[in-house]
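Student: Sequence order for the protein chains is Y and R.
For the record, in the first sequence the residue sitting at position 59 is 69 according to this note's numbering, with numbers rising by one throughout.
For the record, in the second sequence the residue sitting at position 268 is 1766 according to this note's numbering, with numbers rising by one throughout.
Don't read these hints as lab results, they were simulated from the structure.
Source: prediction; values computed, not measured.
From the three backbone atoms N, C-alpha and C, an ideal C-beta is built for every residue, glycine too.
Careful: at least some of the hints might be erroneous.
Sample of chain Y residues facing chain R (criterion: CB under 7 Å; computed from the structure) [to be verified]:
| no. | residue |
| --- | --- |
| 1 | Met11 |
| 2 | Cys71 |
| 3 | Leu99 |
| 4 | Ser110 |
| 5 | Thr210 |
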Amino acid sequence: MLEAIELTKTYGKQIALKGLNLEIASGEIFCLLGANGAGKSTTIKLFLNLIKPTSGSVRICGLDPKTHPSETKSLLGYIPEQVALYPLLSGVENLRYFASLAGESDLNRTRLVEALTHAGLPKDAVHKRAMHYSKGMRQKVVIALALVRKIRGLLLDEPTSGLDPQAANDFAGILRRLGEEGVAILMASHDLHHAQQSATRIGIMRQGELVEKISPAEVTHADLVERALQLMA
Amino acid sequence: MNVHRLFADVRREWRLAIADRVVPLTLMIIGLLTLLAILAGDLRTNQRIEFQETLKRENSLQRRFLESAFTENESIDSAAASDLTPNEIDRQFELQMSAKSPDLMRYTDGIWWTIFPASPLSSFSMGASGKWPDHYHHEGSSVTQSLSRPVHSNPLLATIGAFDLTLLVGALLPLAVIALTYNVVAMDREQGRWPLIGLHATSISWLVANRCMVRVGALIAVVIGVTLSGSLIATDGEWNLYSVRNFWVWTAWMTAYLAFWTLLAICVNSLRLSSSGSGLLLLLCWTFLVIAVPSLVQREVNRRFQIPPRSELIAAEERVQRQAEQESEQVWTEFLRHHPEITLDSENPQQEYLLRDVALNRAIRFRVREQLESYQQQFLDREAFLERYQCLSPLLAWRTASDQSAGASLRHYLDFANQTSGFHEKYISYFEPFSMSGQELSHLDIQAIPRFDADQLQTRLYLPPLLMSAGALFVWTVAVGVFSWWSFRSRANQ
């Protein structure tokens, strides 16, 4: 579903990503762990076609974003670290705006409200202006957007940073639900606990390279922490 | 892109625009300013119409005084008579006494007015109307002496100068366009929404264009709505087909002018500058195109085509008159040479006296016409220069088109002046045969005295300057459009 083939990105002499090979199937939640500058966000941006690779390529459902930008855009959802919405629009209006921007302009209000509540936004907050939303609530609007767009892949960049434990837990639940619905998820994170809680596979990155892939179900949390810290050091 | 998707996109951006406080506030301010401009123009037009009504009444009374000389009781009806001022009663008596006289022209000197009726759209544009008279007082020898300019007593004009729709659309609406569009995407980048927008929007160039067009479209709708309803109310809906046509020409030009500014905003937004950078660049463009270039062109016009003050023209006419009087014998000989059919009756000195007067007036008219033509030529040269160089700024192109479609351009006023001159010639020529032959006027002759008709003059459209304006606007708009397209394309490939 999401595939990176010998993906490399350099900025001058500095290597941000080196020969990444990765395949994420439908329903899989892959979490990239690594220190700052390890290449996690670069990977996400390359999948989103926000930057061009120096060499190698990415595939979204077999399509190259360079040659099929519109088609691949319509298959992907993205949740950035800091979700910013239009503060003077309500949650449902923001959702309608971004859905329409993505070509989903025929959604009625009931469907939009359903998506928001399904994403975990409290019913009484749906019609409030987004200026009153917390970070978690803003993220839920973007998750609702992914739900109404029927995306095939979701990319997340540090989604749980700044969330309180309860919100992070809720968020992990939502991700698992999306995974069960067949969405391939690639997430960049620093949060080992959250990674183990929600991911089906974890990749450790160091200096632009994917140094190890771990299945969280097969290790304890303590082992995961120890190995991750060793590899990331 | 299908129509359904297009409407959906427009609706989406409209919802976003009205949620932004700047948009409704700007639309409200522009709506109010448009209303004020219409009110100012309407006030001025009403003053003009009121004054013209007085002149029309005077024209009508003079004719009725003359005709009353042929009725049995030699008096006009009592209802009208009761409204007459003492001066008018004296005038009535004088005209009744001389109505049949071959010398009637002498008594009708200074009693006829030609009037340029206010166009139904004249409230849109002060244009050249403030510089030129909209009425002339006909006197025996020439129309030049009566070149008078009506004094504007409009309090708005006195306070802030010529505030009209030409100024509003030409200078203030581009500022409103800038306020509405300078940061349509920079704002999203600065507030962190760009990744979401970049991922979801199928085309960034279409998104920018759509946002700008929706906002400017609302602005145009407000201006057209207020202008149309304001002027229909002000004129009691008394528009003819020409007025409707001119209104739509005006609207098309305004839309074309604002399309240029919209494309300029799209172009600046494509450069990916910050909000303040975009705003500053657009303001620089505004200063250059709205203030600097038109000022320079105007300065050059004033330098090249200096127009002598009207007082100089009047003084010149007086000189011509004195000169003709001094050369009266020569003028008289010349006149007789041109009219061999005239045989002077030595027993009727009155005949020679009248003919000498006709000859002198003709000579003065001929010489003054040259002065007047050279005076008008200066205005035409200025106009031609401005028309030629309107391509230097879209504002100049707009101003030309606006004055033309409002029926208030210099050409309209010069046409009126020329038509007046023609009428004057016709009027004098009508009376001359009576003076020369000594034949008395009948009731039918009085009824056939020439009448001035300028009803269609104010709704005339002059295609050459309009086409030049269209060409200038088109070139500017296409140039900015091509640059925007190139800018989006080159940045998309980065």
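Student: Hint by hint, note whether the structure agrees.
Tutor: The hints, checked one at a time:
1. Met11: Hint violated; Met11/Y Cβ to chain R Cβ min 17 Å, cut 7 Å.
2. Cys71: 16 Å, violated
3. Leu99: 5 Å, holds
4. Ser110: At about 4 Å, which falls below the 7 Å cut-off, the nearest Cβ of chain R leaves the hint on Ser110/Y intact, so it holds.
5. Thr210: 24 Å, violated
In terms of the numbered hints stated before, the structure departs from hints 1, 2, 5, listed from lowest to highest.
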